[in-house]
Every structure is written in C-alpha cells, then in structure tokens.
Amino acid sequence: MARVCYALLFASVFVIRAGAVELTVNAGEPGQHEALNIGLAVFDPGLERDTAAGRKLGIFPVIRNAESRYLPYAIRRTLVDSNHWGAVRVLPEPDQSTELLITGRIEQSDGATLSIFVTASDSSGRVWIDRSYTATAAENAFQAAQRRSRRPFQDLYNEIVNDLLAFRQTLGSTDLQNIRRIADLRYAGALAPDAFGDFLSVDEQGLYSVRRLPARNDPMLNRVQRIREQEYLFIDTADDQFAELYTEMTPVYDLWRQFQREQMQYRTAHDARLANRDKPRKGSYQAYKQSYSGFKWAKIQGQEMKLLAQGFNNEIAPTTMEIEGTVVKLNGSLDERYREWRRILREIFKLETGG
Amino acid sequence: MRVYMQKLIPLFLLVLLSACGSEPTRRQPAAAVVNFSGHWEMDYGRSDEVNNKLQLMYREWRRLMEKRANSTDRRGMQGPALTVDTSRDFNSVVALAKFADFITDSQVLDIEQTDIDIEIRRENNFALTCVFSEKEPLTVVDELGLEICGWDAHQLVFHMRMPDGLDIRHRVTMSTAGDRLHVATTVNSKSSPAFTLNRFYLRFNPLPEHYSCEYTLSKGNVCQSNGSP
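These protein sequences, in sequence, are chains Z and S. Quick note: the first sequence, position 283, residue 283 per the working numbering, numbers continuous. Quick note: the second sequence, position 146, residue 146 per the working numbering, numbers continuous.
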C-alpha cells in the first residue's frame with residue numbers, strides 16, 4: 001500500500017521549462033545517515049523493436065544507446081553537485097542491494113524535448129520516484145552551453161535530484177539507517193544465503209524489514225564487506241570511463257541535439273508553408289509536384305538526420321568501444337563483464353568460507 | 001496495316017509497362033541475387049524522351065478518338081462531350097508525364113548494396129533505400145504515405161503512394177552483362193491513366209580518389225591522403 005501511495009504522490013507528469021528549476025545544494029557536509037549511497041543503472045534506451053517504427057520517430061539506435069549511458073552520468077554529476085548524498089555510481093546493470101537505486105527509460109529525446117521515465121527505490125523496496133520527467137530545451141540552450149556551465153536539460157536533472165531530496169527529507173533517521181542495514185544484508189544474503197538468508201523478512205508487498213542483526217565484528221560479514229569493496233572497484237573503474245564518455249560526448253551530443261532541433265523546426269515551418277499555400281488544380285503538374293515535394297523533403301530531412309547520426313557515431317564510437325574493451329580483461333560487453341566479475345568474487349568468497 | 005501496327009506498338013508497350021507495376025512479390029529470397037552497386041550515368045540515347053513519347057501517344061490518342069467519333073456518328077449519337085473529356089484526360093497524362101520526367105531527371109546514380117540493404121543515391125533527389133526482408137516486403141505507412149520495397153524476381157521495386165493517391169513505382173533491372181541499368185518509373189493518379197518512363201544508365205568508374213573522408217558531427221568531412229597519387 002505504501003508503495004502505491006508513494007507512486008501516486010509522484011505520479012503526475014510535469015513539463016519543465018528551461019531555466020525554471022534550481023538545484024538545491026547542501027552548503028555543509030551531509031549527515032552520516034542522510035548520505036545514502038546511490039546506484040544509477042544504465043538507462044533503458046527505449047528503442048522500438050520495430051526499426052521502421054523507430055525510424056518514423058527519428059530514433060537512431062546508436063545514439064540512443066550512447067544516451068542511455070550519458071544521461072545517468074549527467075544525473076550522477078547533478079547528484080554529486082547537490083552534496084546531499086554519499087557515493088553515487090553508474091552501474092552497468094541494476095543492483096537491488098544498492099541503498100538507493102535509480103533506473104530510467106528514455107521515452108523521447110529529439111533535441112527539443114527530453115523525456116525520461118525514472119524509478120527510484122531504496123533497498124527496503126520503498127518507491128521514492130516512479131514518474132516521467134519531461135523538459136523542453138531553451139531556444140539558445142545548445143549555443144549557451146558552449147559559453148556557460150548550465151547544460152541543456154539541466155533543469156530536468158535538477159528536478160529529479162530535488163525530488164529525491166524532498167523524499168529523503170520525509171524519512172526519519174531510523175528509516176535511513178534501516179535502508180543502509182537492509183542494503184548490506186541483501187547483499188550478504190545474496191552472497192551467503194546460508195549465513196545471512198534469515199536476517200531479513202519480506203512482506204506481501206515486497207517490502208524488506210530487518211528481522212535481526214549480525215554481530216558488529218562478525219568475520220563473515222567482514223568478508224562480505226571486502227567482496228563488496230572489490231565490486232565497487234570494478235564499478236569505479238567503469239565509472240572513470242563513463243566520465244570520459246561524458247566529457248568526450250558532451251560537445252558532439254550538444255551539436256547533435258541542436259541539429260535535431262533545427263531539423264524539427266524546419267519541418268514544422270515547411271509543413272506550415274505547405275498548408276498555407278494555394279492548392280493547385282487537382283491532376284495538374286503543379287499538384288503532382290506539390291504532393292511529391294512534401295514527401296521528398298521529409299525523406300531528404302530523414303536522410304540528413306541519418307548522416308548526422310553517422311557523424312555522431314564516427315566521433316563517439318572509439319570512446320564507446322574503449323568503455324566496452326578496456327575495463328578488465330574479461331570477455332563480453334560491460335554488463336556481461338560486470339556479471340562475470342561478480343561471479344568470480346562469489347567464487348572467491350566461497351573458497352574463503354569453505355562453502 | 002504496317003502503319004497501323006507502328007502506331008499500336010507504343011501503346012502496347014505502354015500498357016505492358018504499366019502492367020509491370022505490381023507489388024514486389026516473394027519470388028526471390030531476401031539475399032540479393034543481383035548486385036546493383038556502382039556508379040551509373042544516364043544513357044540518353046536509350047532513355048525515353050518524354051516529349052517524343054507524348055507525341056506518339058497523342059497521335060495514337062487522336063486516331064482512337066477519331067475512330068470512336070466516326071463510329072458514334074454512324075450510329076447517330078452525338079460526340080462533343082466525349083471530345084472534351086478526352087482532351088482533359090490527355091492533359092492529365094501530359095501533367096503526369098512531365099511529373100515522371102521531373103522525378104527521374106537524376107543524371108547520376110550511386111548505388112551501395114550489401115546483403116541486407118541497398119541505398120540508391122540520386123542527384124537532386126532523396127535516396128531510395130530498402131532493407132531486404134526474408135518475409136514480406138518492407139512496408140512503411142506513415143503521415144507521408146505508403147512505402148513498399150522488395151525484390152520481384154531479379155528486379156527491385158520501390159513503391160510509394162502519397163496520401164492524395166499519387167502513386168510512384170520504380171522498377172530497377174540490371175542487364176545480364178551487368179553494364180546497364182534500367183529504371184522503369186510508372187506514375188499513376190486517380191485523375192489520369194498510368195504513365196511509364198524508362199531511364200537507362202551505363203556503368204562508369206569514377207577517377208580513383210587519393211584521399212579518404214569520414215564525416216564527423218563537429219568537424220564535418222575530415223579527409224586524409226591515402227599516399228602518393
């Protein structure tokens with residue numbers, strides 16, 4: 001029930017105007033219990049299965065996949081800038097034992113509008129945010145981005161981060177402490193179910209609560225902590241590379257979004273011109289030409305966008321490939337390697353504990 | 001009789017080519033049996049000249065109308081209404097012919113084809129693109145209209161229909177020797193019979209380029225030399 005209420009509380013959809021949302025920044029140090037660690041999973045790119053449908057919507061898979069890494073990192077930066085939180089990490093895939101896990105799905109990203117469906121839930125299963133965020137970029141957002149630090153769509157990131165803070169402020173210190181404990185115990189329970197499987201209870205709504213606590217100097221718990229630190233090592237190494245992608249991608253991405261926006265504006269203006277023009281006689285050469293002209297320019301525009309997307313890919317691909325290939329010498333994509341890394345850590349843990 | 005046959009042949013050819021304008025079928029697998037890749041320039045000698053074609057059609061049209069008028073006169077019926085309609089019909093064919101000429105005036109085609117798709121880049125026009133499908137021909141229906149493309153035996157067909165009913169089919173065929181390309185374009189509308197214009201292209205090899213270019217978003221085309229020419 002609590003989950004439903006929280007979801008309803010934050011279910012409304014608002015379109016954020018550019019420059020409308022200021023980030024709430026903590027001038028001092030965040031309190032020990034308040035500074036929850038946050039994991040941002042790489043976003044769902046929201047690609048249409050039907051490529052023809054995706055084409056109609058102007059979705060380019062290469063760019064959407066890059067965006068699915070770029071946007072969590074942009075939010076991560078905003079979370080860090082707000083100075084209200086503990087460690088903020090971009091995760092190759094969702095980890096339910098994170099103190100606060102943020103996932104997202106890109107619903108629209110066309111230069112003019114950015115829309116992301118964001119879900120944030122803590123380790124106890126309590127949903128903090130479960131709604132769509134939509135923002136429109138200011139007319140000069142992309143040029144201005146070259147001159148000042150405010151990023152296009154920064155208002156959207158600010159809105160998400162402010163909402164997280166607003167929710168956290170509704171929780172008491174016991175709630176926050178429990179979130180930390182549950183996160184540790186969920187991780188420990190997944191790693192060593194025999195030892196930690198019964199420390200937590202789950203109600204019918206899927207909400208976790210602490211049944212009992214291990215001793216503070218429990219050697220098994222220390223081993224679990226050490227394994228978790230190793231896992232963070234992998235994530236932090238990947239995080240450096242997300243940072244590199246972000247830095248590399250930002251100017252190109254701004255250009256792409258600017259071009260995309262211009263193309264959309266051109267098309268709207270072109271459609272308006274066509275609608276206002278006197279209609280030539282049906283069956284005349286002018287009528288055929290006008291009918292074809294709308295089709296032709298829309299196709300040319302689509303193909304121009306494809307060329308720009310290719311240009312984007314040519315520029316960003318080496319960095320993306322670096323992310324995919326140099327973190328550690330494990331095979332597969334980043335998320336596959338993350339899974340493999342976790343499996344190896346679990347093997348080590350088993351060997352150490354004689355499991 | 002010979003003159004009569006000569007006049008009938010263009011009309012027969014017109015009807016035959018119009019009949020060719022069917023939807024792409026599934027007679028061939030998705031993997032292309034013909035590779036159109038390369039650079040092609042228009043062969044003006046063999047391609048239809050739209051005015052000549054219209055003149056031939058007009059003569060044939062008039063002859064048919066005269067014949068029809070004579071037969072109605074003999075039956076004692078009046079014919080002026082038929083003549084007005086006929087003149088309007090022919091004007092719409094002229095409009096359609098001019099339009100076919102307009103949309104097929106690209107002198108050079110650059111074609112890139114892989115196992116899975118094809119892109120036909122045309123001068124002063126959008127590129128015709130198609131992703132080969134093993135199942136049904138690729139169909140896109142949106143606010144622009146309808147687009148279908150796919151193989152029909154050894155021919156590649158691009159079919160577009162605008163929302164107002166204007167219908168365009170490009171049927172691309174390559175000669176057995178692989179040195180000629182034939183693009184038969186049939187345009188059709190609700191207010192006119194179909195008109196087909198044939199364009200032929202000859203393969204040509206552009207001068208070798210001693211540099212290679214890559215397009216990037218922030219720097220535009222970035223070219224580098226491939227070594228000494």
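It is possible that some hints are incorrect.
As a list, the in silico DMTMM-like pairs of lysine to aspartate or glutamate whose alpha-carbon atoms are at most 20 Å apart [what the hints assert, rightly or not]:
hint, chain 1, residue 1, chain 2, residue 2
1, Z, K282, S, D164
2, Z, K299, S, E134
3, Z, K299, S, D117
4, Z, K289, S, D117
5, S, K219, Z, E262
It is worth saying that the hints were derived from the structure and are not from the lab.
Query raised in the report: Holds or violated: are the alpha carbons of Z/K282 and S/D164 at most 20 Å from each other?
Result: 10 Å, holds
Report task. Please work out if Z/K299 and S/D117 have their alpha carbons no farther apart than 20 Å. Result -> Holds - the C-alpha atoms of S/D117 and Z/K299 are around 17 Å apart, at most 20 Å.
Query raised in the report: Within a Cα-Cα threshold of 20 Å, do Z/K289 and S/D117 meet the stated pairing?
Result: 28 Å, violated
Query raised in the report: Is it true that the CA of Z/K299 sits at most 20 Å from the CA of S/E134?
Result: 25 Å, violated
Query raised in the report: Between S/K219 and Z/E262, does the CA-CA distance stay at or below 20 Å?
Result: 18 Å, holds
Checked against the numbered hints listed earlier, the structure breaks hints 2 and 4; every other hint is satisfied.
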